[in-house]
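K.L.:
Starting from the given sequences, assemble the full structure and let the hints guide the process.
Take a look at the letters that make up each chain.
Number of protein chains: 2
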Amino acid sequence: MNKEQLFEQIQNKKSFLCIGLDPVLNKIPKHLLKYNDPILEFNKQLIDATHDLCVAYKPNTAFYESRGVKGWETLVETWKHFPKDVFTIADAKRGDIGNTSAMYAEAFFNEESAAMSFDSITIAPYMGEDSVSPFLNHPNKWVILLALTSNSGSQDFQVKQSDDQKLYEQVITTSQKWATSDQMMYVVGATKAEEFQHIRQLAPEHFLLVPGVGAQGGSLRAVCQYGLNSQCGLLVNAARSIIYASDGLDFAEKAREEALLLQQEMEQILKAANLL
Amino acid sequence: MNKEQLFEQIQNKKSFLCIGLDPVLNKIPKHLLKYNDPILEFNKQLIDATHDLCVAYKPNTAFYESRGVKGWETLVETWKHFPKDVFTIADAKRGDIGNTSAMYAEAFFNEESAAMSFDSITIAPYMGEDSVSPFLNHPNKWVILLALTSNSGSQDFQVKQSDDQKLYEQVITTSQKWATSDQMMYVVGATKAEEFQHIRQLAPEHFLLVPGVGAQGGSLRAVCQYGLNSQCGLLVNAARSIIYASDGLDFAEKAREEALLLQQEMEQILKAANLL
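Which chain is which? The protein sequence lines are A and B, in order. Take 0 as the starting number for the first sequence in numbering that gives the first Met the number 0 and just add one per residue. Take 0 as the starting number for the second sequence in numbering that gives the first Met the number 0 and just add one per residue.
It is worth saying that the hints were derived from the structure and are not from the lab. Warning: the hint list may mix true and false statements.
Said to hold, decoys possible - Estimated spans, in silico, between C-beta atoms of each pair:
#1 A:G97 with B:G247: 26 to 36 angstroms
#2 B:Q44 with A:N139: 33 to 43 angstroms
#3 A:H197 with B:G97: 45 to 55 angstroms
#4 B:D249 with A:K69: 30 to 40 angstroms
Said to hold, decoys possible - Chain B stretches covered by chain A per the calculated footprint, using a threshold of three residues with CB under 8 angstroms from any CB of chain A:
#5 91-101
#6 112-126
To be verified - In silico BS3-like pairs for lysine-lysine, Cα to Cα no more than 25 angstroms straight-line:
#7 B:K29 with A:K69
#8 B:K165 with A:K176
#9 B:K176 with A:K165
#10 A:K69 with B:K140
#11 B:K69 with A:K140
#12 A:K26 with A:K79
#13 B:K2 with B:K26
#14 A:K69 with B:K12
#15 B:K12 with B:K26
#16 A:K13 with A:K176
Backbone N, C-alpha and C fix where the C-beta goes; we use that ideal spot for every residue, glycine too.
P.N.:
As structure tokens, then:
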């Protein structure tokens, strides 16, 4: 999905919600345990209940890998269940030397070899350009580069100042030499809302993937105040607040209710910004 | 495997060689394609031919993930084939917020859930302490943190200077507050031999995992000149120069010959340093 198509979906659905599919077996509703693959069933019902309210799904690979081969199968089958009109994000936070990153690109972008092909993948920038560029060789695929993350550990290195820029600012500035806003997005945590104004100056055209709304405490309004651009430019992720809205038979229905609240708030925000 | 046991293995085998198992289907000998899992067969024969000459094996997960579910199965089966006396490294370069890194730790350290349990995992430091600490909760398991990598992209961010330290130096200094040299190692590329003296001052007791000898052009002697410490303190990785030493029926034999050359050079180095 390219940038124009993504903005079109945002306008169609009046939403820039991304739903994080990060399921843990002992947290999903007990009645699903009777299924052959309870987590797949959980994901499928969540997707069926929410896909008209969100523009993206973001499974975090850790939650699948933790269950070994079986978990990887669940990830593939989950990918197969995504509707064609959603933007799909492999939240994998990979990154390695060039020839190895090329293999990761096969893993997440090449349906022939890996049986799945996400629209995008999250990448850690520590290893620099040749760790990122192999992903950009795949047409219409995106790199979502970690910039300023939502966790406490973001303060350890990401905000270190050198040459008048913090490390995460250098990541945003330097990586713009590697790809345009048609193939690159940045991860900026919602818990850092005060930084959005400045980040928008550094990357006015880019989409930002924003985790941390919901369970991690970030505010949607605060993020949008400075984060919106002329094509929306935001994908706001919520995971736990939606997928664990209920642990009963009604989990998908309750997930939809939570997603709807966010979609409605997003619709108001998009209208106020004349983006609909 | 703990630090003393690792040094014991180094002394037993007179080697600090780590072999990188990074197989690509179209590069392995053609006669293996008749097997149900050609890459597993390739790995098994390599392991059988070299395990007395090396102290560690390091499969890079990208090469397995690129083949989807089947690849993940190969990784698990390869892990099962490792002899008990080798140190095993999941070269996965993971790292995420705390609760997610905990899932990655399950994926690579918890045999019950993931059917494999490596001794160690490589981690990207960009997301800071809480992205690393969940791995350290597993007793006798190791984090191998990226410090100064062997690729050209290492110059993009790792050498940025702030507070009188380069980023990779800050990674080494700061992370020593998170774990001792009994649970933490650092990745330092062999292509940066001139930096080893300085790195040894920052981390005198730590093991360093050193990729880049062989195909990437790093020199073993240059690395050892400053890199050795009183417990050896080095695991030197070679991958392509060993595993692709021949593409014929004799590939395992030729791999052994390449590994033997490195082991013999290492034995001389260890003797000269009075470590045997």
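K.L.:
None of the hints should be skipped; say for each whether it holds.
P.N.:
So, going through the hints one by one against the coordinates:
1. A:G97 with B:G247: 26 to 36 angstroms: Given range 26 to 36 angstroms: holds, Cβ gap about 28 angstroms.
2. B:Q44 with A:N139: 33 to 43 angstroms: 40 angstroms, holds
3. A:H197 with B:G97: 45 to 55 angstroms: Since H197 (chain A) and G97 (chain B) have Cβ atoms about 26 angstroms apart, the given range 45 to 55 angstroms is violated.
4. B:D249 with A:K69: 30 to 40 angstroms: About 38 angstroms separates the Cβ atoms of D249 (chain B) and K69 (chain A), which means 30 to 40 angstroms holds.
5. 91-101: The restraint on the stretch 91-101 of chain B holds, since 8 of its residues have a Cβ under 8 angstroms from chain A and three suffice.
6. 112-126: Since 8 is at least three, the answer is holds.
7. B:K29 with A:K69: 30 angstroms, violated
8. B:K165 with A:K176: 22 angstroms, holds
9. B:K176 with A:K165: Roughly 22 angstroms between the alpha carbons, so the hint for K176 (chain B) and K165 (chain A) holds.
10. A:K69 with B:K140: Cα-Cα ~24 angstroms, so holds.
11. B:K69 with A:K140: Status holds; Cα separation ~24 angstroms.
12. A:K26 with A:K79: 23 angstroms, holds
13. B:K2 with B:K26: 35 angstroms, violated
14. A:K69 with B:K12: Violated - the C-alpha atoms of K12 (chain B) and K69 (chain A) are around 37 angstroms apart, more than 25 angstroms.
15. B:K12 with B:K26: 29 angstroms, violated
16. A:K13 with A:K176: 32 angstroms, violated
Consistency note: the structure conflicts with the earlier hints numbered 3, 7, 13, 14, 15 and 16.
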